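As they're listed, the protein sequences go chains A and B.
The first sequence begins at 69 in this note's numbering and counts up one residue at a time.
The second sequence begins at 378 in this note's numbering and counts up one residue at a time.
If you're looking for bench data, these hints aren't it; they were derived computationally from the structure.
As the structure is a prediction and not an experimental result, all values here were calculated from the model.
Warning: the hint list may mix true and false statements.
[Stated by the list, open to error] Only pairs whose alpha carbons sit at most 20 angstroms apart, straight line, appear in this in silico SDA-like list of lysine to any residue:
#1 B/Lys380 - A/Asp187
#2 B/Lys380 - A/Gly140
#3 B/Lys635 - A/Arg102
#4 B/Lys563 - B/Ala546
#5 A/Lys155 - A/Gly140
#6 B/Lys635 - A/Ser247
#7 B/Lys408 - B/Ala546
#8 B/Lys638 - A/Arg99
#9 B/Lys380 - A/Arg99
[Stated by the list, open to error] Not everything, but these chain B residues come out facing chain A in the computed CB check (under 7 angstroms):
#10 Lys380
#11 Thr382
#12 Gly388
#13 Gly396
#14 Thr403
#15 Asp405
#16 Gly414
#17 Cys416
#18 Ile468
#19 Leu472
#20 Gly473
#21 Asp475
#22 Thr498
#23 Leu599
#24 Ser621
#25 Thr632
Backbone N, C-alpha and C fix where the C-beta goes; we use that ideal spot for every residue, glycine too.
If you want the building blocks of each chain, they are given just below.
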Amino acid sequence: MTTIGVLSLQGDFREHREVLERLGATAPEVRCPRDLEGLDGLIIPGGESTTIVRLMRTSGLLEPLRKLVGRGFPVWGTCAGMILLAKQLDATGTPALEAMDIGVRRNAFGRQADSFEVDLRIPVLGDPPFHAIFIRAPVIEAVGPEVEVLARLADGTPVAARQDRLLATAFHPELTPDSRFHRFFLDHVVRRV
Amino acid sequence: MDKGTWTVKVGLAQMLKGGVITDVVTPDHAKIAEEAGACAVMALERVPADIRAAGGVARMADPTVIEAIKGAVTIPVMAKCRIGHFVEAQILEALGVDYIDESEVLTPADEEHHIYKHPFTVPFVCGCRDLGEALRRIGEGAAMIRTKGEAGTGNVVEAVRHARAVLGAIRRLQGLTPDELMAEAKNLRAPYELVTEVARTGRLPVVNFAAGGIATPADAALMMQLGVDGIFVGSGIFKSADPSARARAIVQATTHFKDAKILAEVSHGLGEAMPGLDVRSMKPEELLATRGW
Chain A
69 MTTIGVLSLQ GDFREHREVL ERLGATAPEV RCPRDLEGLD GLIIPGGEST TIVRLMRTSG
129 LLEPLRKLVG RGFPVWGTCA GMILLAKQLD ATGTPALEAM DIGVRRNAFG RQADSFEVDL
189 RIPVLGDPPF HAIFIRAPVI EAVGPEVEVL ARLADGTPVA ARQDRLLATA FHPELTPDSR
249 FHRFFLDHVV RRV
Chain B
378 MDKGTWTVKV GLAQMLKGGV ITDVVTPDHA KIAEEAGACA VMALERVPAD IRAAGGVARM
438 ADPTVIEAIK GAVTIPVMAK CRIGHFVEAQ ILEALGVDYI DESEVLTPAD EEHHIYKHPF
498 TVPFVCGCRD LGEALRRIGE GAAMIRTKGE AGTGNVVEAV RHARAVLGAI RRLQGLTPDE
558 LMAEAKNLRA PYELVTEVAR TGRLPVVNFA AGGIATPADA ALMMQLGVDG IFVGSGIFKS
618 ADPSARARAI VQATTHFKDA KILAEVSHGL GEAMPGLDVR SMKPEELLAT RGW
């Protein structure tokens, strides 16, 4: 049985846990350092990135998680989670885990009125297109040589990427009934079948 | 590319879950709230305790106040309009706020009709005292619900009453058979389709926060343990002796609501809480929660 922790300090962690459990994984909540023990991987959900980073500091989770990620621990960040994984942020943010070689711009589309949903062609998931929900979403502005872009908007902007055992999406697969992205994380990032 | 859909309206509230939304009246307040870990701020001209003290007609805030607060933080900014005042809502949408609170804290503009919220691109949060009221607001297009409590009192008793009313009614619905649901929709005065959905899923179709009277970390954790998704704190932070420390503590208590050790730790040395009001000694016309239906 695969055990994927879901960082449960703030945000839509319940939705991630429900998808993982539907796929047969165990999905414990992670709120303090001891919750990191015995995990095969971690999901950092959507939420407010400034809030989540602050709570990671006060809960003593930031440093242990930085160390784990440095040792190749599989992590997937959605939206706020992608912001936490990035090595570089625009001027409004401070990088947190500095794990993934991407530059990210927060609230890249504007305010809530500019949140949107759109179908994306994502080659690693195959057909049909994936219905992606962007909420006050970030985008990837720069990618390092080790990073593979998995999805782009129609204008070419990267919105999903992978670097070895790290996965980042600017949108929220956990808010749709389509579990292909969670399946991809379990099979190809965590278990590498 | 579709904007302003039901999914993205409800979706923003889902991103706020497990968080604290704080009333602020200045850009400095907003920065203190963001630094403390608030997941959003409510931009106001006065906090509810001061609205209560000032009396008269309470209206939408001056756009200058809202713009200044928007410029100060990167977290979402909400603002309040009067119940039924759809033009205040149009103005707030034009200002680019992230969420509108159609709020009983302001003086209602329409005592019969709430705003028809579906046509707006910006999402709305509305107050409720029971499940029927919650489902009527969702029927009109509210993408987020908060139990009303009694704003500006620093007294959690009404917040508890309303959260128990909503969550208890949901549990009772789940025990009904399909042929009982239409009669229950009639009792609740709620849209039948929403009643059947709640009976099937065991939860509201939108996120549900608690509001109105939360003043301490223990109050916040109490509401979370009762089963709400997050917390609104109005006067409780900036009417207390040390707003920054209290805001940080309430944020921590909302995240770690099940961990009594952490709750004990963060409750230390916060200074005076806001002075409270005994709701039972208030006159019926002083109650804000009875505004709207």
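Checked hints:
no.	hint	verdict
1	B/Lys380 - A/Asp187	holds (13 angstroms)
2	B/Lys380 - A/Gly140	violated (38 angstroms)
3	B/Lys635 - A/Arg102	holds (16 angstroms)
4	B/Lys563 - B/Ala546	holds (14 angstroms)
5	A/Lys155 - A/Gly140	holds (16 angstroms)
6	B/Lys635 - A/Ser247	violated (30 angstroms)
7	B/Lys408 - B/Ala546	violated (38 angstroms)
8	B/Lys638 - A/Arg99	holds (14 angstroms)
9	B/Lys380 - A/Arg99	violated (33 angstroms)
10	Lys380	holds (5 angstroms)
11	Thr382	holds (6 angstroms)
12	Gly388	holds (5 angstroms)
13	Gly396	holds (5 angstroms)
14	Thr403	violated (19 angstroms)
15	Asp405	violated (17 angstroms)
16	Gly414	holds (4 angstroms)
17	Cys416	holds (4 angstroms)
18	Ile468	violated (14 angstroms)
19	Leu472	violated (10 angstroms)
20	Gly473	holds (5 angstroms)
21	Asp475	holds (4 angstroms)
22	Thr498	holds (5 angstroms)
23	Leu599	violated (18 angstroms)
24	Ser621	violated (13 angstroms)
25	Thr632	holds (5 angstroms)
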